[in-house]
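**Student:** These are the residues of each chain, in order.
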Amino acid sequence: MKVYENTGNKDTRSGFGAGLTELGNINENVVALCADLTGSLKMNEFANQHPDRFYQVGIAEANMMGIAAGLTIGGKIPFTGTFANFSTGRVYDQIRQSIAYSDKNVKICASHSGLTLGEDGATHQILEDIGLMKMLPGMTVINTCDYNQTKAATIAIADHHGPVYLRFGRPKVANFTPENGSFEIGKAVHLQDGKDVTIVATGHLVWEALEAAKELNEKGISAEVINIHTIKPLDEKAILDSVKKTGCIVTAEEHNYLGGLGESVARTLAQHHPTPQEFVATQDTFGESGTPAQLLEKYGLNAANIAAKAQQVIKRK
Amino acid sequence: MADIQQLKDIVTQVRRDIVRQVHAVNSGHPGGSLGCAEFIVTLYNEIMDHNPDFSMDGVNEDLFFLSNGHISPVYYSVLARAGYFPVEELNTFRKLNTRLQGHPTTHEGLPGIRIASGSLGQGMSVAIGAALAKKLNNDDKTVFSLHGDGELQEGQIWEAAMYASANHVDNLIATIDVNGQQIDGSTDAVLSLGDLKNKFEAFGWEVLTIEKGNDIEAVVNGVREAISLSRKRKPICILLHTEMGNGVDFMMGSHKWHGVAPNDEQLESALAQNPETLGDY
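Chains A and B supply the protein sequences, listed in that same order.
When you read off a place in the first sequence, starting at 1, and then add 1012, the result is the number in this note's numbering.
When you read off a place in the second sequence, starting at 1, and then add 38, the result is the number in this note's numbering.
Simulated from the structure, these hints should not be mistaken for laboratory data.
Hints are not guaranteed to be accurate.
Short derived list, chain B residues pointing at chain A, Cβ under 8 Å [claimed, not checked]:
#: 1; residue: 153
#: 2; residue: 167
#: 3; residue: 168
#: 4; residue: 194
#: 5; residue: 197
#: 6; residue: 198
Cβ atoms here follow ideal geometry from the backbone N, Cα and C, with glycine treated the same way.
Next up, chain B with everything else stripped away, as it sits in the complex:
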């Protein structure tokens, strides 16, 4: 168990890793990555029972599936910092012959990744399958997944949501990164998602909301509460309210940094706002 300050230190370092990865190749998705730093750091450093000596089947381990694969920079940083692969490998992000492809994949054998993602809307189905396999294996660990809010516009998500409640997939905790932004603008402007709490509840899910998704204590408490609600014949949905670009002032709250890299000057400013804690790669 890490204490809150330790988790905060990891988050700060992860934020540095995110902007440095994206800056180095002038490519990648910093906005959503920064917004989800607290959540993914919390899962891997506080919540999940997992083994960096990676095995694909992950039997008797908690599993995490990133459905919105474009936020790979935060995922890679957290995995590396948790010991899945050397942090120096973050230097290879999106470069030719890398295991750190633009979007996460199993294809190059990067430890920690169990499914390719990036084409949106598929991760909840995969997480359900993994949760069903755990039930067949009498494995009482939990399956976590993360989805973008814009991703909910994909129909497959709702096929999966319907299946999970009808079949009592109650060892699944699916989190929605509610940052209200997508590439073309706000989710309200592009295709309004309506009332997500009501939608998931109408689909038979237990829904809880973390209002401060960039407050590490709120995230830890919220995920713990979600686990306490699991295994009661309902799948669990966390509506995690985050701010896109959180931790870098000029990126915060805007969709403009969805898939844009900072220039040299902007990188310097972003790093100054997130002083080194665990050592840069």
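Okay, chain A solo, but in the shape it has when bound:
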């Protein structure tokens, strides 16, 4: 079994901040906009180094999305920054009309996604954003798993023409992907070979999936683990190749089971290779206040539940 080392807990939002700072120095067309959350999004360094290319728009997310769309007219590559909730649900129509339908090259960068935002509670914990964004024609949807991957993804999306939703989070989590690794949009990352069950995970739950694979291994179950950082376009081949070998699958995400990664995987399987599937995701509920660890435990978004679902789905083969 391949062993992944946590090189030290780091927040994915800091990976975004580091990537944006680096981009600022290598691509003069990159501009950044923030709606009064510069510190939370770790955009300060970009703002300090490139004040002429940083736009503080205040608490006005709809206006931010419109300005970002306008900045593309003239060749700029705008990166917007606010919480996932305010990056999507609050401004869905602005994104739909002025960005997605208008095919504008805007990068919508969303921190504090999912339950792990923690104590602020359900008003701020969006669990529907992947669904909202993947429904938009032409939108690329990415959910990165750790600091290094978030940094790499931030840099990579600047070279992709078209609207992108980049989702990351608040808490410090295991950092285990390679430093300065490559990031290919739409290309799944194969983390662990296995033959009994496939686990595909996105975002913070990728590390939990690796932990689950360890637990399963101790029980004599061989789990294949795939990191799906790009939910749209989905790397269907990677998923289908794996389930043809294992015969069953668990999907894991910090999102509602309606509209998320699991649903995209289910659609792929139903069309091409019907396969038993279990979902590790929230069950059509809002979140609540608590520490990130408490919330992941209560809503079953952790290694223990992934391992339990894996054992269940194996029985359905």
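Take the given structure of chain A and dock chain B to it, following the hints.
**Tutor:** Structure of chain B alone, referenced to chain A:
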């Protein structure tokens, strides 16, 4: 530079194009389109430095954004008459597989359109973004936008208005089509806009009023004055007073023709009031 008579001739032809487009598909928005004919004709034929060999980025060109996208018939007619696409294409307005969608869009690649609009309240933010890009590019051209007065009921407009003055977006001239009408009735009856001049001034804008928005000379002079006031650290707002349905007597001054097409007889009457000047498509 066109002379006033030439501009008037274009306006008359544009009015014919508007009612013919809407009549042909029994669908579309003639009232606001007719009211804004002088303004949009003036921009594209007298004021703006623009290139019908369309490029999306529009660097070193003046740009126009139509925020109240439902008045697409006037926009399409002016663009076609300015050479952006063949005037015959006006025949395809709102028909299946057309580039002339019900509301303007970039999606089908129609030259001249830089943003989709129709869902109201978004165009001022987009125009600000384009104006900021011009500043970054050291491009000294101007960004124009047009908004309905009813559209000002959308909150995003005021987010944008606040941003533009706080950040000295002074290469932006946003015009409000003050026709006092919206779908459900007069703006006063639906949701009163109050004193728009005071509102925009309180938001830090330089405001000027064109009382006769359907008088081509008044429009030309007013827009020129607006340009002379620009680049002084304030965004510019033109309150353009127009008459909905202007140029077609039975449509004038009423909200009833906001989104209603004329029948055959009404079309004939509208066309008789606006004799062909540049040739019908």
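**Student:** Against the structure, test the hints numbered earlier, and report the numbers of the ones violated in rising order.
**Tutor:** Going through the list in order, the structure violates no hint and respects every one.
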